[in-house]
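Visitor: If you want the building blocks of each chain, they are given just below.
There are 2 protein chains.
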Amino acid sequence: MTIGLTKEQKSYAKESAGALMRDDFLYVWWDQTVDEVIAHIRRYGEEQKFIHYLYVVDETGALHGVISLRDVVRRNQEEVVADFMTTNILFIPADLDQEEIARVMKKRDLLTAPVVDSDGRLLGVIHLDDVLDVVQEETTEDFHKMAPVITLGKNIKEASPFFLYRRRIGWLVILVFMNLFSGAGIAYFEDTITASIALVFFLPLLVDSGGNAGSQAATLMVRSLATGDITMRDWMKLFGKEVVTAGLLGATMALAVSVIGVYRGGMDIALIVSMTMILVVLAGSLLGMSLPFLLNKFNMDPATASAPLITSLADITGVLIYFSIANWYLGL
Amino acid sequence: MTIGLTKEQKSYAKESAGALMRDDFLYVWWDQTVDEVIAHIRRYGEEQKFIHYLYVVDETGALHGVISLRDVVRRNQEEVVADFMTTNILFIPADLDQEEIARVMKKRDLLTAPVVDSDGRLLGVIHLDDVLDVVQEETTEDFHKMAPVITLGKNIKEASPFFLYRRRIGWLVILVFMNLFSGAGIAYFEDTITASIALVFFLPLLVDSGGNAGSQAATLMVRSLATGDITMRDWMKLFGKEVVTAGLLGATMALAVSVIGVYRGGMDIALIVSMTMILVVLAGSLLGMSLPFLLNKFNMDPATASAPLITSLADITGVLIYFSIANWYLGL
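Sequences listed follow chains A and B, in order. Reminder that position 37 of the first sequence reads as 90 in my numbering, one-by-one numbering, no gaps. Reminder that position 139 of the second sequence reads as 192 in my numbering, one-by-one numbering, no gaps.
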């Protein structure tokens, strides 16, 4: 009597409702009476691990509503299901992505939800505990991408050092090669550095500030995109807001370092360092907030915009901004 | 007939089962018959938003088991609840932390679970959808800590630039002052740099590599601690494993940069850079993997071990290691 779909289930996309749903549920026909429903539960209810709701279908298998076991207990025996079923329910299409399922079930406070095919026929039922598993796995993947490492897919306690090595080495080598550009930037401005060695004192501080502001912006975007708080459409508006926020951040930090600049290298250094700070924080922040959107646009995970990646990109930008301003200001 | 605890609920700790539980559930007495239970549901079932299970209590209110509405439909009318109730159920203590609740409910695939006081008396029922909300909020907090920003507590779309400024400036200024130490380190080794300016080319590459390996290690630990994959007890074992993993990573990266070192600055520079790389990656990784445990030890959130914080700490360490080796090797 239950709709056994275990075999067909395999044909659904990997992270879709069809793959996530269970087939251990009970359904009833819409023209059954309460008496018939009770007989039906007595007969078929045994194997079902979990029956909260009885889904109501017509003769074609199309889903029309739901009744609870409470309804069955409370209604008169001769009432027909179609007359008292709840019809205002959430239908989940079989091809809906699991992240979207998590979002709608969370929003509606649902513990279970029915899955239907394109003709509205009942296929299975999604349980929130399965969704919770999925959400936690996807979040862990996001964390791993932000580490950045290749997703482990297992408990770190069970991972061998060599397994961990292989998951980590790729990104580290990529970042080494990216940092060569920062090094090349510094080498390009060797004369500037030799002329004013005091500039090197502020180098880590300035380039890291760009990376730090960028990491903040990127992480906020990655998480907001994952929870559905923001969508791709919001980029423009958020970019405008980031200009203001990063401007305020840069100005505050420029003020802080200008004091140290005067103390360490005099007024010229202070001015160079302050101007650099504002531009570096602005550049890092806008880069950091935009990269997750850009990655998403090219069908990559926004979480790939990890702090170390942003830091490396901001380093290159920072070196160029810093020494260009110094060159220009010192007239080298 | 329901146990109304709305007022008392306020006295439970903020993130405990007591604060999370609902009081819209039905309970029955263990000596009731199926007939009496049905009459009970007909009378009191109305207001309950959600009845999957009927919790069974004795005359003191102590929880003994659970029956499902399916049991009610299938059992004979004169059977007594205590004779067929399921007693193998999960009791959640009212003071259990919400993260732990998420873990046990996830492990047992539960959609609801009863909360009891220290005498085993039924207080309320936890619903998995509320747990999911909590898990998502806590994960968002972790992301924000790793950004690092002060948790927004609202959709970023609704946050003003000045609100975002205030959540971000604190950490940025702290990191600026930490980076002063890196700058001071560089300034201290000014003579070394002047003697061999080629060293500066490798500076961003080396110090960032320590930070990157450290970020990987820290992020893996933060997430594993949050999901319960690892606990505080595992630090020692994981530290040993990290020594091996980081050794492999450092050796590989040293090999990569030694080639560039020979090309850019000759054999001496290549050797200095390679030795530094191994030590910097080892130091960064061990720092990164240990910091979340250390923070947890002092009752701070492990997620405070953000990539930018690790990067700043690794920068200081990296500068000291790099120029100390250079000084020693070049005999300065």
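Quick caveat, the hints were computed from the structure, so don't treat them as lab data. A few of these clues could be false.
In this list, chains with the same sequence are indistinguishable; a pair is considered to hold if it fits within one copy or across any two.
To be verified - Calculated lysine-lysine pairs in the BS3-like style (CA-CA distance at most 25 Å, straight line): (1) Lys67 - Lys159; (2) Lys290 - Lys210; (3) Lys294 - Lys67; (4) Lys160 - Lys294; (5) Lys67 - Lys210.
None of these values were measured; they are calculated from a predicted model.
Visitor: Compare the structure with each hint and give your call.
Guide: Hint by hint, here is what the structure shows:
1. Lys67 - Lys159: both (21 Å within a copy, 21 Å between copies)
2. Lys290 - Lys210: Answer is between: at 9 Å across copies they meet the 25 Å cutoff, but 43 Å inside does not.
3. Lys294 - Lys67: neither (37 Å within a copy, 34 Å between copies)
4. Lys160 - Lys294: For lysine 160 and lysine 294, neither the intra-copy (27 Å) nor the inter-copy (42 Å) Cα distance is at most 25 Å.
5. Lys67 - Lys210: Neither. Shortest intra-copy (27 Å) and inter-copy (31 Å) distances fail the 25 Å Cα cut-off.
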